[in-house]
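Q: Read off the chains here:
Protein chains: 2
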Amino acid sequence: MFESAEIGHKLTKTEYDESVPQLRAELLDTQFELLEQRRFAVVVLINGIDGAGKGETVNLLNEWMDPRHIETWALDEPTCEEAERARMWRFWRALPPKGKIGVLFGNWYTEPIRGRVGREVKKAELDQQLDAINRFEAMLAHEGVLLIKLWFHLSKKGQHERLRMLEKDPRTRWRVTERDWHYYEQYDRYRAVAEHVLRRTSTGLAPWQIVDGADPAYRALYVGRTLRETLRSRLDAEREHWRPRLSSPPLPPALGSENLLNTLVLDQPLDKKTYREQLETLQGRLAMLVRDVRFAERSLVLVFEGGDAAGKGGAIRRVTAALDARRYRIVPIAAPTDEEAAQPYLWRFWRRAPPRGQVVIFDRSWYGRVLVERVEGFCSEADWMRAYSEINDFEEQLVEAGSVVVKFWLSVSKDEQLARFKAREAQPHKRFKITEEDWRNREKWDDYERAVCDMVDRTSSEKAPWTLVEADNKYYARIKVLRTLCERLEQALE
Amino acid sequence: MFESAEIGHKLTKTEYDESVPQLRAELLDTQFELLEQRRFAVVVLINGIDGAGKGETVNLLNEWMDPRHIETWALDEPTCEEAERARMWRFWRALPPKGKIGVLFGNWYTEPIRGRVGREVKKAELDQQLDAINRFEAMLAHEGVLLIKLWFHLSKKGQHERLRMLEKDPRTRWRVTERDWHYYEQYDRYRAVAEHVLRRTSTGLAPWQIVDGADPAYRALYVGRTLRETLRSRLDAEREHWRPRLSSPPLPPALGSENLLNTLVLDQPLDKKTYREQLETLQGRLAMLVRDVRFAERSLVLVFEGGDAAGKGGAIRRVTAALDARRYRIVPIAAPTDEEAAQPYLWRFWRRAPPRGQVVIFDRSWYGRVLVERVEGFCSEADWMRAYSEINDFEEQLVEAGSVVVKFWLSVSKDEQLARFKAREAQPHKRFKITEEDWRNREKWDDYERAVCDMVDRTSSEKAPWTLVEADNKYYARIKVLRTLCERLEQALE
Chain C
14 MFESAEIGHK LTKTEYDESV PQLRAELLDT QFELLEQRRF AVVVLINGID
64 GAGKGETVNL LNEWMDPRHI ETWALDEPTC EEAERARMWR FWRALPPKGK
114 IGVLFGNWYT EPIRGRVGRE VKKAELDQQL DAINRFEAML AHEGVLLIKL
164 WFHLSKKGQH ERLRMLEKDP RTRWRVTERD WHYYEQYDRY RAVAEHVLRR
214 TSTGLAPWQI VDGADPAYRA LYVGRTLRET LRSRLDAERE HWRPRLSSPP
264 LPPALGSENL LNTLVLDQPL DKKTYREQLE TLQGRLAMLV RDVRFAERSL
314 VLVFEGGDAA GKGGAIRRVT AALDARRYRI VPIAAPTDEE AAQPYLWRFW
364 RRAPPRGQVV IFDRSWYGRV LVERVEGFCS EADWMRAYSE INDFEEQLVE
414 AGSVVVKFWL SVSKDEQLAR FKAREAQPHK RFKITEEDWR NREKWDDYER
464 AVCDMVDRTS SEKAPWTLVE ADNKYYARIK VLRTLCERLE QALE
Chain U
14 MFESAEIGHK LTKTEYDESV PQLRAELLDT QFELLEQRRF AVVVLINGID
64 GAGKGETVNL LNEWMDPRHI ETWALDEPTC EEAERARMWR FWRALPPKGK
114 IGVLFGNWYT EPIRGRVGRE VKKAELDQQL DAINRFEAML AHEGVLLIKL
164 WFHLSKKGQH ERLRMLEKDP RTRWRVTERD WHYYEQYDRY RAVAEHVLRR
214 TSTGLAPWQI VDGADPAYRA LYVGRTLRET LRSRLDAERE HWRPRLSSPP
264 LPPALGSENL LNTLVLDQPL DKKTYREQLE TLQGRLAMLV RDVRFAERSL
314 VLVFEGGDAA GKGGAIRRVT AALDARRYRI VPIAAPTDEE AAQPYLWRFW
364 RRAPPRGQVV IFDRSWYGRV LVERVEGFCS EADWMRAYSE INDFEEQLVE
414 AGSVVVKFWL SVSKDEQLAR FKAREAQPHK RFKITEEDWR NREKWDDYER
464 AVCDMVDRTS SEKAPWTLVE ADNKYYARIK VLRTLCERLE QALE
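Just so you know, the protein sequences line up as chains C and U, in that order. Using our numbering, you'd call the opening residue of the first sequence number 14 and step up by one each time. Using our numbering, you'd call the opening residue of the second sequence number 14 and step up by one each time.
Hints listed in this document are in silico derivations from the structure and should not be mistaken for laboratory results. Careful, some of the hints might be misleading.
Just so you know, same-sequence chains aren't split out, so a pair can sit in one copy or run between any two.
Below, in silico cross-link-like pairs of lysine to any residue (SDA-like), each with a Cα-Cα straight-line distance of 25 angstroms or less [what the hints assert, rightly or not]:
1) K135 with P282
2) K135 with F45
3) K446 with R51
4) K26 with D337
5) K113 with E353
6) K111 with E251
7) K113 with W360
8) K435 with P34
9) K285 with R37
10) K23 with R177
11) K476 with D376
12) K169 with H254
13) K23 with L302
14) K435 with R37
15) K111 with Y358
16) K111 with A348
17) K113 with E352
18) K113 with D337
19) K169 with P229
20) K286 with R37
Full structure from sequences and hints, please.
A: Structure below.
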């Protein structure tokens, strides 16, 4: 894989000087068009061998292009706020919006490679991490992000020469430390691990580009041209409204009339008196659980989904009544802000990932992708089909970082919904108003039912299972929500 | 000040039960209207004596109102990311957008009071801090934020009773620690400091409300009603497009024709060869300064302002060429995003405040308020008049936190601007296009000149002075920028 990059390509000064002016002008043009189109973001990953010119090349690109629209991130040690959240949180924070370029030194490849070279990570674990990376990058690519992955290479001989040269010159001697020689000794292992990583993660959607780093002029031109070509071809494609192709077999039609929802008995009995008693007990139990010292190291992510008037708001209030207001945040999902709309759809949820000891409650959530966006045709079939596994990956990462993820689907019957709509319309308070949209959604009842069943089938995982809540009786629904929550938390804290 | 709140008001259960339902309904209505209007944000500050029911009352409010649109913050110890920035950064992070309510436990009063009670802060220092708080709150109020400041009070006797009661009951004994008794012993001092603080910061725009915290029913109703009244009267006023009144005497007309700008000799000589030599030296000097270990504890905030085609972009590129791309961010100021537009105008700049060791370069800045917004009438005279001192406060806080703030006004003559416009129009690259707006701005040359002179007069402080850059000769301008920058940094690091 690295053979061509170990040739030690060189350029003469004349060749370099002749090529640069035009390259710079073209790079600026593509960058300007990127900014004007605002149809996709560019993420440049910078990895490779120490001393192969990573920093120098990026600095040069910033000189050649307009640095006002490039953000360069050095993601080394996580800050305390980053360390409290899922591993990928910091990279989501660094994603550039549409129209901009983000350059990531220290990215999702850094830790896996370092860990495997240092033997803290087993081969099988590494491969698992690489699979996760492939899925993550495929998601970015399908969301429109243009990924440019650059590996700066240097042969063992080249590395040796570089270190010797630096040591020889009294002005640069200080730059060579023991650690550099230690790394040099690990060169073969590092190269082998890197080769494996690059092979496994060089995909059609996000291939690696290997840069021969021996000669500053050569590597600069190589990287500049790679950027220009990649950007140019994507910009041209965008003008013809290109989308990454993703063929997915359609879902098989439902067979038989029974499904997860219509086999539920939605009107479960529970009288007001019993409700009040149980509510108090369960709220007390929940309050204790969240104050438990063991919860200080965990966090809680609650998802409430359900049809209009299914009682999500009421259920959420019965949960928060048990919590200290300083401990939780509720995130009501409405239309995305323009900063959110300039990012992959999961970004707005990632940014609300809780730190340790905190509770985040999503009133509607990322499942909008496979519910309303699917039913209303706001995204293509391919988009919502891939969303199932993207969502599973997202939740898995939350769980791995210590979050307890609890998801509720509140199910009301068509009759009960109608009764609630009418009751609301009779209310003088406009805060309970029923909109045209609510009536329109109701007409698509069967489509939503189908979407919900598919959603539950495809995203109810062992670590983040769905709980279907029979919600025609509000009392019953709220108690079921609270009880499930307590049980899941107890399980997790044990 | 606290006399009325030490009476020990009590409500019977009947009084309470009779009042709550209507109060809840009205609170919900005001909250809904707040959300629908989306014209202002509400910030509720929660301070007071321990045990006076702060937490309980806020939890209750969250039950009574719709908790989805209330964000409650417990700002205790700063996180590492907060500790790296100016003291107020964390509070800016917590500000709610228009339409929402933010509840801040642990706010800008916490440290000043604590510090003075513990005698780490001298009386004069405290008063300085309180003046700064008054200016900050006035700014929030003028930006439309509705501030509700609640002090939960408890008499010394009440505090004593409370602690004894808790200790008596075996189920609550654990809640009373030695620290509580220690605080109790400091009660008189704490009360005296608090009284001073509240007196100094109870302003017409943001008065304190003292809550007698002895009786849970009384304080809940009192706080609920305060919130309802304050919100209701503001909502009604907003419907008539109310703005906080702020009368400011108009600026005196300019006397004589000489001003800061037209007395500059804009076309300073510097030939290309000398430029090249000096550029290299200065860039080397700057590179060393930013790599200096002492800079790791500081940060750099650069502001570039200037007319169209004054050469801001070119000057910025000569600065960044000396820096490692991982060290700096450039923030080009265009129209605010909708998240930014829902906040006070300084919010979008606060969010970009650099952590230690970093450089942030603003290509146009908060000075837009007193330049384009003034000249184009995007804000009222009262708004831009108050902006001068708000901006001075902002920069002072950056400087106090270790930032070096360097501000450049790049000045070109009317003739030189015309020449540059024409040169750009002749360029085939559309990235250099001249827009209608550029020509329109040019027509308002004199207004802008006046605005710039006022700006420099009123915001050139010792700690954050303006540097006027004669920019008809680009070479000269860039060298002056780099030299000034190096000198300011050297001064700061000494």
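Q: Tell me, which hint numbers fail for this structure?
A: 1, 2, 12, 13
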